[in-house]
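Colleague: Next come the chains, spelled out residue by residue.
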Amino acid sequence: MPLAMSASSSTPAQAPAHILARGVCVDFTVAGRVNRVLHDISLAVPKGGFVSLIGPSGCGKSTLLKVLAGLLAPTAGDVSVAGVAPIEAVRQRRIGIVFQEATLLPWKNALDNVALLMEVAHAGRTADEIRQRALDMLRLVGLEHAADKRPAQLSGGMRQRVSIARALALDPEVLMMDEPFGALDAITREEMSEFLLEIWERTKKTIVLVTHSIDEAAFLSREVNVMATNPARIIEATPIDLPYPRNEESYAAPEFARATARLRRLLKEGHRQAVAA
Amino acid sequence: MTAMVNDEPARIAAGSDAGTGRIANARVAFARFMPAFALFVGVIVVWEAVARIFRLPEFVLPPPTAIVGVLVAHQRDLGYAAYVTAREVLWGFVLSAVIGGAVALVIARFAAFGRALYPLVVLFQNVPKVALAPLFILWFGFDLAPKIVLIVVIAFFPVAINMLVGLQTVDSNLIALMRSVGASRNEILLRIQIPNSLPYLMAGLKVAVTLAVIGAIVGEFAGAQAGLGYMIQFASTQMQTSLVFAALVEVSVLGMLFYYVIEWIERRYINWMPRAD
Chain Y
1 MPLAMSASSS TPAQAPAHIL ARGVCVDFTV AGRVNRVLHD ISLAVPKGGF VSLIGPSGCG
61 KSTLLKVLAG LLAPTAGDVS VAGVAPIEAV RQRRIGIVFQ EATLLPWKNA LDNVALLMEV
121 AHAGRTADEI RQRALDMLRL VGLEHAADKR PAQLSGGMRQ RVSIARALAL DPEVLMMDEP
181 FGALDAITRE EMSEFLLEIW ERTKKTIVLV THSIDEAAFL SREVNVMATN PARIIEATPI
241 DLPYPRNEES YAAPEFARAT ARLRRLLKEG HRQAVAA
Chain Z
1001 MTAMVNDEPA RIAAGSDAGT GRIANARVAF ARFMPAFALF VGVIVVWEAV ARIFRLPEFV
1061 LPPPTAIVGV LVAHQRDLGY AAYVTAREVL WGFVLSAVIG GAVALVIARF AAFGRALYPL
1121 VVLFQNVPKV ALAPLFILWF GFDLAPKIVL IVVIAFFPVA INMLVGLQTV DSNLIALMRS
1181 VGASRNEILL RIQIPNSLPY LMAGLKVAVT LAVIGAIVGE FAGAQAGLGY MIQFASTQMQ
1241 TSLVFAALVE VSVLGMLFYY VIEWIERRYI NWMPRAD
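Going down the list, the sequences are from chains Y and Z. Just so we're aligned: 179 in the working numbering is position 179 of the first sequence, and the numbers increase by one with no gaps anywhere. All you need for the working numbering is the position in the second sequence, starting with 1, plus 1000.
Because the hints were derived from the structure by calculation, they are not lab data. Keep in mind that the hints are not guaranteed to be accurate.
[Unchecked claim] For lysine to any residue, the following SDA-like pairs were computed, each having C-alpha atoms within a straight-line distance of at most 25 Å: (1) Y/Lys108 x Z/Arg1191; (2) Y/Lys149 x Z/Val1170; (3) Y/Lys149 x Z/Thr1169; (4) Y/Lys149 x Z/Leu1105; (5) Y/Lys149 x Z/Arg1267; (6) Y/Lys108 x Z/Pro1199; (7) Y/Lys108 x Z/Thr1169; (8) Y/Lys108 x Z/Ile1265; (9) Y/Lys204 x Z/Val1181; (10) Y/Lys108 x Z/Ala1203; (11) Y/Lys108 x Z/Leu1105; (12) Y/Lys47 x Y/Ile235.
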């Protein structure tokens, strides 16, 4: 019995990986010259985990996310999401994607924007069911009152919530987010961070987040992969020992201060090496 | 830039409350058109004064009052001529819109065919098409057909090129999202690209409709038995300059009517693009 207990309360690191990357390399050929964008990247994200990729601009973190999300095939290495190749995981609708821009259709209202991918996916839902599900998703992101508003009538934060609702509508297991709050002002950003944690706790999705904000990465993630350039690589997978649920007060916690200090030091080291190289 | 983006919700809000809003709208409209109206009246007054003070012969420059007199005296002839020309413009414009739109869709949807078609369309655009008018008269007679053909070859290009830009300026992330849920090329075209192209199409249609009026007049110059262009040519050979101007007034009014019908359709139905006014 004690044995069973210890097995069920296993730490994330021991849980089977939901997203797994081994020796991933990506080369881009520009004008005949081969450019290594990602070099020998390995990472593991447990099911229900929240992992961030942080690094300087141009370190390849967005490219890595594209590889994990099945939008880009790696030059070398293996990637699996829920035990299958990312492309296959995409086909099975296991991956939801949120970009920095909300990428909503300006001529459709919030509800129809959330319904868009469901309508295309033909997942055996009737029009009524799709509408109901879209409404539920808007309720989840706190925008049921804005269902008939077009993107131009919504604030940047609200647009991004609609985009998150759209990604969640197909009930993916994994949410891949590429600097989703990068275009928002500081206060809205923190609000959206807390909102995202709430969504994460309620939906139990596995989340991979690309960000260049140290605070955001530390506040949200269980683990932060710190990346550096020249060659583009992960220099450390830093666990964040800040207890959940996290809220405004978490920013004042000593664990938060320790985590951000470590991340900052790692980023600076990576930067110095890059400059020296 | 911010003002432009914010204008959209404001305009929708202004349109939604009827009672007092309508009066306010009328006042705003009045304030907007006042400068143009004042300038117009000023030019007419100066014209009248110059014609009278310098006692210019009427066949050189008739005063506006004389033109108004002819407009009234010849209203039946002018009315019929306007009807003939309007019919040419309408058919020519509608066909230009249909053919221009079809060319854009074909180029956007079938890449290989598009690569073959696009250079030819551009090449054809560089032919001085007004010079083709006598040929069309030769081939299609003196009636409606040669004018329609001339209008189409002049006016389809702005429709095609504008719509093509609209079909192609679609967020690549949005396309990636659509692909990720298994959307076919036709679905992406139908749900994303075509709606996205509509504001661009409207811009093309506005250019096309003014070109259509020019095409009709030039077509009538080249050979016709009725119409405002025919009337202008006939009246000028008779030194009836007042009648030339009267016909010109009707051409301008006709062109403006067509233009503002399109403008109205755009404001009513395709109103998601931020505008500068």
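Colleague: For every hint, state whether the structure bears it out.
Modeller: Quick rundown of the hints versus the structure:
1. Y/Lys108 x Z/Arg1191: With Cα atoms ~11 Å apart, lysine 108 of chain Y and arginine 1191 of chain Z stay inside 25 Å; holds.
2. Y/Lys149 x Z/Val1170: The given pair, whose Cα atoms are some 21 Å apart, holds under the 25 Å limit.
3. Y/Lys149 x Z/Thr1169: holds, 24 Å
4. Y/Lys149 x Z/Leu1105: violated, 30 Å
5. Y/Lys149 x Z/Arg1267: holds, 18 Å
6. Y/Lys108 x Z/Pro1199: Holds, at roughly 14 Å.
7. Y/Lys108 x Z/Thr1169: holds, 17 Å
8. Y/Lys108 x Z/Ile1265: With Cα atoms ~18 Å apart, lysine 108 of chain Y and isoleucine 1265 of chain Z stay inside 25 Å; holds.
9. Y/Lys204 x Z/Val1181: Answer holds: lysine 204 of chain Y to valine 1181 of chain Z is near 22 Å, not above 25 Å.
10. Y/Lys108 x Z/Ala1203: holds, 21 Å
11. Y/Lys108 x Z/Leu1105: Roughly 22 Å between the alpha carbons, so the hint for lysine 108 of chain Y and leucine 1105 of chain Z holds.
12. Y/Lys47 x Y/Ile235: Roughly 23 Å separates the two Cα atoms, so the pair holds.
Hint compliance for this structure: hint 4 is the single one not met.
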